[in-house]
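There are 2 protein chains.
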Amino acid sequence: MDPYLCSLLAGRHLGPAPEPGERMPGQGIARVVEAPSGGPVRPGNRVVLDCGWTRWLTQPADGLQPLKLPPDIPPQTALGILGMPGLTAWAGLHRMATVKSGEVVAVSSASGTVGAAVIALARAAGCTTVGISSAGKLDYVQNELGAHFVLDRGQPLPEQLKNLKVPRIDVYFDNAGGAVLEAMLSHLALNARVVLCGMMAQYEQIERPPGPNLGPVIGARASLHGLVVYDHFDAMPTFLEQAVPLYQAGRLHCHETVFAGLAQAPEALCNLLGGTSHGRVLVRLEPSF
Amino acid sequence: MDPYLCSLLAGRHLGPAPEPGERMPGQGIARVVEAPSGGPVRPGNRVVLDCGWTRWLTQPADGLQPLKLPPDIPPQTALGILGMPGLTAWAGLHRMATVKSGEVVAVSSASGTVGAAVIALARAAGCTTVGISSAGKLDYVQNELGAHFVLDRGQPLPEQLKNLKVPRIDVYFDNAGGAVLEAMLSHLALNARVVLCGMMAQYEQIERPPGPNLGPVIGARASLHGLVVYDHFDAMPTFLEQAVPLYQAGRLHCHETVFAGLAQAPEALCNLLGGTSHGRVLVRLEPSF
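From first to last, the protein sequence lines are chains Z and G. Just so we're aligned: 16 in my numbering is position 16 of the first sequence, and the numbers increase by one with no gaps anywhere. Each number in my numbering comes from the position in the second sequence (counting from 1) with 1000 added on.
Treat the hints as calculated values from the structure; they're not laboratory data. Here the structure is a predicted model, which is why all the values come from computation and not from measurement. Ideal Cβ positions, reconstructed from N, Cα and C, are used throughout, including at glycine. One or more hints might be untrue.
20 Å max Cα-Cα, derived SDA-like pairs, lysine to any residue [to be verified]:
#, chain 1, residue 1, chain 2, residue 2
1, Z, Lys100, Z, Leu190
2, G, Lys1162, Z, Arg12
3, Z, Lys162, G, Leu1273
A short, non-exhaustive set of chain G residues, derived as facing chain Z with CB atoms under 7 Å [to be verified]:
#, residue
4, Ser1037
5, Val1041
6, Gly1044
7, Val1048
8, Pro1210
9, Ala1222
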């Protein structure tokens, strides 16, 4: 389950919205039941693909690849911290923001999969990390994900930022939009970089709300960069080369909330968007395969 | 006269606002009356400096430099098209947006000094140019400044953009903020660059108004860059190397509105901000020196 599914339904994502009756899109891990011999996959292989919300799928074998993760790593991480959300964090930090050791990196929706990966990868790059989340998840963000500092997005951010025991923000990874983005733009260091990755605050709104005043961006000589992870799949091997050892060392992880059975999928999406779950939200098909 | 003076008075520029009774800041050309012998300037030299609104000024000679422009170029261009506003355009196009030949470059407040320089420098770089201005200045922007296309900022921009006979915008140089910026962000090409240079729309407002929704920036994988010209004075020689021959060839120019006498300075600033003048607004001291 990914937050973008909601903006997709609203017709505001990159592709067209699915019509009523069409299959909901979404990434999944599938097991190959039948495959032509001599092709890239064999029966029994696990594959990551855009299968959508379904139990069975017929799909051309070309372009499929067996999932290649070390056997000690649970396969569902390929949908999360070692998959597209992890790559999103890596591309934002290293390709768009080009983080440097010693910088201050802040991230909103810090308890989500992308947020967890941003914190872990920024720490690995030698940065000080600031996680922004709702009050009930701050303990998780600080003590499990390892953010050096946390901000409660339910309380006024300008005051919390003023009292923060670190200099201004060098890199802000925005998954939120709205008031959080506005507050963070007023607390940027000179030459700060902002990665615009998601607009959680507006996914469920019909009309696009106004955005932040951009005056402070000029004052800070900052830059804002729109990130779409689809542009960065070529970096997956580079990302995994760094991320798999971090995962195995326990320094890159993410809570998983698993819903059982495809019938729970709508509930799972609502949970994710309502903020009642945290970390990666997954639906496991029942009976499991 | 520069638009930033108004945000400076409102306390929103980089430095503190002048107190009532203090001299208004501003760049000018002065003639040296007295100077220590052996220093960098001699009596009679013209110098560009931050003199503010004054007729006489005592100033350390260190750091002053005689104005060096070819004798066929009027000295006041050093305050305009061949000075800070020209350098602003150059730095935005070449350092922040890294324009490439064949790209579509749009600029707001196109009839102003920065706008005129953006159009000329973008044309010189092989780009197609789009000037945005008020209805009464479109003829000037197209026929005198040489913009390939013009947009009337007083009419709905989304429709005008849709009917524009060029592809989407690769580089947008924003001097306006507000509704113009919002409309332009929805018409960006993939990987577009936006230079945030001024917020004319909000200079006279007490509270910072909301800004544009940034969703389209993500969709376009665009980047926004805050530009402060003070960071780019090192590029002045490089800029002039390109700009002086363009000026001499008649391909870089800008209308001048000249007010006579220091007492006209407040009127000149109001004129600039109210949009009733166009091009460079200057105040000539009377009697001239």
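Here is how each hint holds up against the structure:
1. Z:Lys100 / Z:Leu190: Given pair Lys100 (chain Z), Leu190 (chain Z) holds - Cα atoms ~14 Å apart, limit 20 Å.
2. G:Lys1162 / Z:Arg12: Between Lys1162 (chain G) and Arg12 (chain Z) the Cα gap is close to 19 Å, so the pair holds against 20 Å.
3. Z:Lys162 / G:Leu1273: Cα-Cα ~34 Å, so violated.
4. Ser1037: Not OK, violated: Ser1037 (chain G) not within 7 Å of chain Z, min 41 Å.
5. Val1041: violated, 31 Å
6. Gly1044: Not OK, violated: Gly1044 (chain G) not within 7 Å of chain Z, min 38 Å.
7. Val1048: The hint is violated - Val1048 (chain G) has no Cβ within 7 Å of chain Z, the shortest such distance being about 23 Å.
8. Pro1210: holds, 4 Å
9. Ala1222: At 5 Å from the nearest chain Z Cβ, Ala1222 (chain G) passes the 7 Å test, so the hint holds.
Hint compliance for this structure: hints 3, 4, 5, 6, 7 are broken, all remaining hints hold.
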